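A.B. asks: From first to last, the protein sequence lines are chains A and B.
Quick note, the first sequence lines up with residues 1 to 114 if you use our numbering.
Quick note, the second sequence lines up with residues 1001 to 1112 if you use our numbering.
Keep in mind that the hints are not guaranteed to be accurate.
[To be verified] Straight line, CA to CA, 30 Å or less: simulated DSSO-like cross-link-like pairs of lysine-lysine:
(1) LYS1093/B to LYS62/A
(2) LYS44/A to LYS1057/B
(3) LYS27/A to LYS1057/B
(4) LYS44/A to LYS1068/B
(5) LYS1093/B to LYS1079/B
(6) LYS62/A to LYS1057/B
(7) LYS1068/B to LYS27/A
(8) LYS1069/B to LYS1059/B
(9) LYS1059/B to LYS44/A
(10) LYS1093/B to LYS51/A
(11) LYS1069/B to LYS1079/B
(12) LYS1069/B to LYS27/A
(13) LYS1042/B to LYS1079/B
(14) LYS1079/B to LYS1063/B
(15) LYS1069/B to LYS1057/B
(16) LYS1093/B to LYS1059/B
Hints listed in this document are in silico derivations from the structure and should not be mistaken for laboratory results.
This structure is a prediction, so every number in the text was calculated from the model and none was measured.
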Amino acid sequence: NAGVMQNPRHLVRRRGQEARLRCSPMKGHSHVYWYRQLPEEGLKFMVYLQKENIIDESGMPKERFSAEFPKEGPSILRIQQVVRGDSAAYFCASSPREWADTQYFGPGTRLTVL
Amino acid sequence: EDQVTQSPEALRLQEGESSSLNCSYTVSGLRGLFWYRQDPGKGPEFLFTLYSAGEEKEKERLKATLTKKESFLHITAPKPEDSATYLCATAQKETSGSRLTFGEGTQLTVNP
């Protein structure tokens, strides 16, 4: 009865490199949310996806960030040409339908940009 | 735009000393108000969802209540293992899915 899984748990990148963060939702969940937690700040919504569709990306920076949730496999959050300000904890959450009593969060990926 | 404000930012209690955490919210069309607990280096862990003013939910030493403008998380006779950051979040009817707007959290420390 695995929960939401994220990998890697820790990721170090140099400025200008690409970061790929993966999220496997709970079994039976087809709705995925990505949130970012900057140091000393609260969690901020980035993007909401269903299988093969981006539903709401209003919280995601327009440049360098993209997300996908293919028919098969995990959801991917991709950050191109990372900068130091991208250093943060990135959390994925999943739910079984559009409106659910709760979202279940993964353990997060901590991205450090050198 | 949704706003969620939590107070205090940090709270230190002695074991057994009951207290309350506050979450004030401004949202048009509240769909639900959520409480999560977050331990250092981990993801948020779900505690409660409240839907309408007057609703209350309990779990062990925790009790959450909701009014039209605020929610409170009451902690009765806390233990050191209750030390964590407590997060409040809202979901709005007009937005897609269950996207959450979080407050910045209250960091609770319970000393033995």
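A.B. asks: Keeping to a limit of 30 Å between CA atoms, is the pair of LYS1093/B and LYS1079/B held or broken?
C.D. replies: violated, 36 Å
A.B. asks: Verify the proposed pairing of LYS1068/B with LYS27/A, using a straight-line Cα cut of 30 Å.
C.D. replies: violated, 35 Å
A.B. asks: Holds or violated: LYS1069/B with LYS1059/B, Cα cutoff 30 Å?
C.D. replies: Answer holds: LYS1069/B to LYS1059/B is near 22 Å, not above 30 Å.
A.B. asks: Does the alpha-carbon distance linking LYS44/A and LYS1068/B stay inside the 30 Å limit?
C.D. replies: Since the Cα atoms of LYS44/A and LYS1068/B sit roughly 23 Å apart, the hinted pair holds (cutoff 30 Å).
A.B. asks: Within a Cα-Cα threshold of 30 Å, do LYS62/A and LYS1057/B meet the stated pairing?
C.D. replies: violated, 40 Å
A.B. asks: LYS1079/B and LYS1063/B were given as a pair; does the straight-line alpha-carbon distance stay at or below 30 Å?
C.D. replies: Cα-Cα ~15 Å, so holds.
A.B. asks: For the pair supplied as a hint, LYS1042/B and LYS1079/B, is the alpha-carbon distance within the 30 Å limit?
C.D. replies: holds, 20 Å
A.B. asks: Would you mind confirming whether the straight-line C-alpha gap from LYS27/A to LYS1057/B stays at or under 30 Å?
C.D. replies: Holds - the C-alpha atoms of LYS1057/B and LYS27/A are around 27 Å apart, at most 30 Å.
A.B. asks: Taking only the CA atoms, is the gap from LYS1069/B to LYS27/A under or equal to 30 Å?
C.D. replies: violated, 36 Å
A.B. asks: Could you grab the alpha-carbon distance between LYS1069/B and LYS1079/B and see if it respects the 30 Å cut-off?
C.D. replies: holds, 29 Å
A.B. asks: Holds or violated: LYS1059/B and LYS44/A, Cα atoms, limit 30 Å.
C.D. replies: The hint holds at about 27 Å.
A.B. asks: Do the alpha carbons of LYS44/A and LYS1057/B lie within 30 Å of each other, as the hint requires?
C.D. replies: Cα-Cα ~26 Å, so holds.
The structure fails hints 5, 6, 7, 12 (numbered hints given earlier, in ascending order).
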